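Visitor: Read top to bottom, the protein sequences are chains H and S.
With our numbering applied, the first sequence covers 1 to 167.
With our numbering applied, the second sequence covers 1 to 290.
To be clear, the hints were calculated from the coordinates, so they are not data collected in a lab.
Just so you know, these numbers come straight off a predicted model, no measurement behind them.
Quick reminder that beta carbons are idealized off the backbone N, C-alpha and C, glycines included.
Wrong hints could be hidden among the right ones.
Claimed, not checked - Calculated lysine to any residue pairs in the SDA-like style (CA-CA distance at most 20 Å, straight line): (1) S:Lys93 x H:Lys123; (2) H:Lys58 x S:Lys290; (3) S:Lys93 x H:Gln146; (4) H:Lys158 x S:Lys290; (5) H:Lys65 x S:Lys87; (6) H:Lys123 x S:Asp119; (7) H:Lys151 x S:Lys191; (8) S:Lys87 x H:Asp150; (9) H:Lys30 x S:His258; (10) H:Lys30 x S:Ser206; (11) H:Lys153 x S:Lys290; (12) H:Lys30 x S:Gln280; (13) S:Lys209 x H:Ala46; (14) H:Lys147 x S:Lys209; (15) H:Lys123 x S:Leu195; (16) H:Lys147 x S:Glu38; (17) H:Lys158 x S:Lys254; (18) S:Lys163 x H:Gly164; (19) H:Lys153 x S:His242; (20) H:Lys151 x S:Gly271; (21) H:Lys155 x S:Leu195; (22) H:Lys58 x S:Ala284; (23) S:Lys278 x H:Asp128; (24) H:Lys155 x S:Asp145; (25) H:Lys158 x S:Lys87; (26) H:Lys30 x S:Gly271; (27) H:Lys30 x S:Leu195; (28) S:Lys191 x H:Asp128; (29) H:Lys65 x S:Lys163; (30) H:Lys123 x S:Ser206; (31) S:Lys290 x H:Tyr138; (32) H:Lys147 x S:Tyr287; (33) H:Lys123 x S:Lys290.
What the hints assert, rightly or not - So these bits of chain S aren't anywhere near chain H, every CB distance computed over 12 Å: (34) Lys35; (35) Asp119; (36) Glu210.
Said to hold, decoys possible - Across the chosen pairs, the derived CB separations fall in these ranges: (37) S:Gly271 x H:Glu120: 37 to 43 Å; (38) H:Thr133 x S:Asp208: 30 to 36 Å; (39) S:Arg205 x H:Lys67: 41 to 47 Å; (40) H:Lys158 x S:Glu32: 53 to 59 Å.
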Amino acid sequence: MKNTMRWMAVFVLALLALPVHAGDSGAMLKADELKAEPYSDARAVAMLAAGDKVDILKKDGGWLKVKSPKGSGWVRMLSIRRGAPGKSTAGASSLASLASGRAGTGKVVATTGIRGLNEEELKAAKYDEAEITLAESYSTSRAEAQKFADKGKLKAQKVDYIPGEMK
Amino acid sequence: MKRTAGRVLFGLSLGLGLWAWLNAASGLNLDELKKSAEELKKKRDSVASDLDKKAKSAGLVEYSDDEESAIGRQIAGNLLGAAPLVKDAKLQKYVNNVGTWVASQSERPDLPWHFGVIDSNDINAFAAPGGYIFVTRGLYRMLNDESELAGVLAHEVGHVIRKHHLKILQKSQVVDQGGKLLEKQVGGNEKIRNLIGSGAEIVARSLDKEAEFEADRIAVVLAARSGYEAYGLPQVLQEIGHAGSDDKVALLFKTHPHPDERFSRLGNAMGERFDNQKGQTLAARFYRIK
C-alpha cells in the first residue's frame, strides 16, 4: 500500500513536472549552436543547421533541451520551430484556406453552444453597460499590482525597448 | 507656440536688415543683395510654415487621456455585447493583477487599465484605446503559466501605449470632432456613443503588420521588466502556429501576420538579448480556468 502510494506520488510529480514540450519534435528554424548548458557563453557541443530535426525534452527560460543526431544539449527556443519539419508550407496553405472562406464558423457555434467571435458578430455587437461596469469592478490599482508582484517575487527590471529589425 | 514663431521671424528680419546694411557698407552690388534678400525671405517663410504645421498637428488630432478612455470604454462595452465576461470573479481579478503590473512597467502606467477574459472559444485577444484589454477563454486555456499570460497582455498593452487603434479612429470620421469629445460635461458619453456607434470591429481591425511586430517587441520587454521570463509570448506564438488551422483562429489569422512569421521576426529582433535573463514563469500560481 505504502509502495503504491509512493509510486502514485512519483507519477503525480512526474505529471506536474511534465514539460509542455515533452515528446515534441521540432526543426531548426535557423542554424544555431547546441550548447552544453542553457547559457549563451556555455560550451558549444555541435552546430545545428537550419532544417535539422530535434526532439524537445524540456524548457528552461529561453532555452530548450533537445536531442538530435548531432548530440544532446540546449538550443535557443527562438531558433526552433515546433512540430514536424516542413510544417511551414502546411501553415501557409491552411492560411490560404482560411482566407478564402470560413464557412465552418457557424458549424462550430452550433456544435459547441459557445459563440465564436467573427467579424459579423463584432460588427453587430450592441453596447452592454452592465458588462462594462462589471469588467471595471475588477480593476487593480498600482499599489495592489505591486503587492501582487511582491507575492510572486516579481522584481521590476530595467530593460530597454528593442529597436525594429534592420533590413 | 505663436510667440516662439514671432520671435524667430523677428530675429530673422533683424538679421536680414543687419546683413543688408553690412553688405551695402562693404560696397556689394545691388543685384547680389536682392538675391540674398530673396533667399533669406524664402528661408523665413519655410520656418514659419513648419512651425504652423507643427502647431496644427499638435493641437488638432490629439485626444486627452480621458477622451481616449471614454472612446475605449464605448468600444469595450460593444465588444462585451458580443462576448460577455467569463463569470469567474477570481479569474477576472487575477487577470487584472497580472495586466496592471505589466502595464505599470510601460510609459503609460497611470491609464485606468482594465483587463478581462471574455466568453468565446475563439483564440484571440483585443485592445481598445484607453487601456481596455480582453483575452478570449479559448486563448486563456492555451496558456501554461503566468509569464505567457503576461506576454499576451503585454502585446495588447503595446497596442494601447502606441495608440495603434486610436490612430485608425483618428483617421476615420471621428477625427473631424477633434479633441472636443468631452467638452460638454452633459451628454459627453452620448456624443462618443454617436461617434463610435455600435459594433466593435475596430478591435479586430487589421493593423499595419509593422504595428503587430512592434507590439510583439514591446511585449517581451514589458514582460522582462515585470520580472517575468521574456519568452512567454514567443511560446504562445509557437503554440498557436503549431495548433495550426481551424475556425477558432480564423479571425486572429486574418487580422495578424501568421504566428510563425511573428515568431521568427520577434526571434530576430530579440537575438541574444534575453539569453541569460531568468525571469519567473509562475506556473504554480497560474489561475486555471474551470
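Visitor: Can the restraint linking Lys158 of chain H and Lys254 of chain S be considered satisfied, given a maximum Cα separation of 20 Å?
Guide: violated, 35 Å
Visitor: Could you grab the alpha-carbon distance between Lys65 of chain H and Lys163 of chain S and see if it respects the 20 Å cut-off?
Guide: It is violated: about 39 Å lies between the C-alpha atoms, which goes past 20 Å.
Visitor: Can you confirm whether the C-alpha distance between Lys123 of chain H and Ser206 of chain S stays at or below 20 Å?
Guide: holds, 14 Å
Visitor: Keeping to a limit of 20 Å between CA atoms, is the pair of Lys290 of chain S and Tyr138 of chain H held or broken?
Guide: The given pair, whose Cα atoms are some 18 Å apart, holds under the 20 Å limit.
Visitor: Are the Cα positions of Lys93 of chain S and Lys123 of chain H separated by 20 Å at most?
Guide: With Cα atoms ~28 Å apart, Lys93 of chain S and Lys123 of chain H exceed 20 Å; violated.
Visitor: Can the restraint linking Lys209 of chain S and Ala46 of chain H be considered satisfied, given a maximum Cα separation of 20 Å?
Guide: violated, 36 Å
Visitor: With the threshold set at 20 Å, check whether the alpha-carbon distance from Lys158 of chain H to Lys290 of chain S stays at or below it.
Guide: Violated: Lys158 of chain H and Lys290 of chain S sit about 36 Å apart, past 20 Å.
Visitor: Need the status of pair Lys147 of chain H, Tyr287 of chain S: alpha-carbon distance at most 20 Å?
Guide: Given that 20 Å is the threshold and the Cα spacing comes to 17 Å, the pair holds.
Visitor: Tell me if the straight-line CA distance from Lys58 of chain H to Lys290 of chain S falls inside 20 Å.
Guide: violated, 27 Å
Visitor: Holds or violated: is the Cβ of Asp119 of chain S farther than 12 Å from all Cβ atoms of chain H?
Guide: violated, 7 Å
Visitor: May I ask you to check that Glu210 of chain S keeps its beta-carbon over 12 Å from the closest beta-carbon of chain H?
Guide: violated, 7 Å
Visitor: Next pair to validate is Lys155 of chain H with Leu195 of chain S; report whether the Cα-Cα distance is within 20 Å.
Guide: Given pair Lys155 of chain H, Leu195 of chain S is violated - Cα atoms ~42 Å apart, limit 20 Å.
The structure shown violates the earlier hints numbered 1, 2, 4, 5, 7, 8, 10, 11, 12, 13, 14, 16, 17, 19, 20, 21, 23, 25, 27, 29, 33, 35 and 36.
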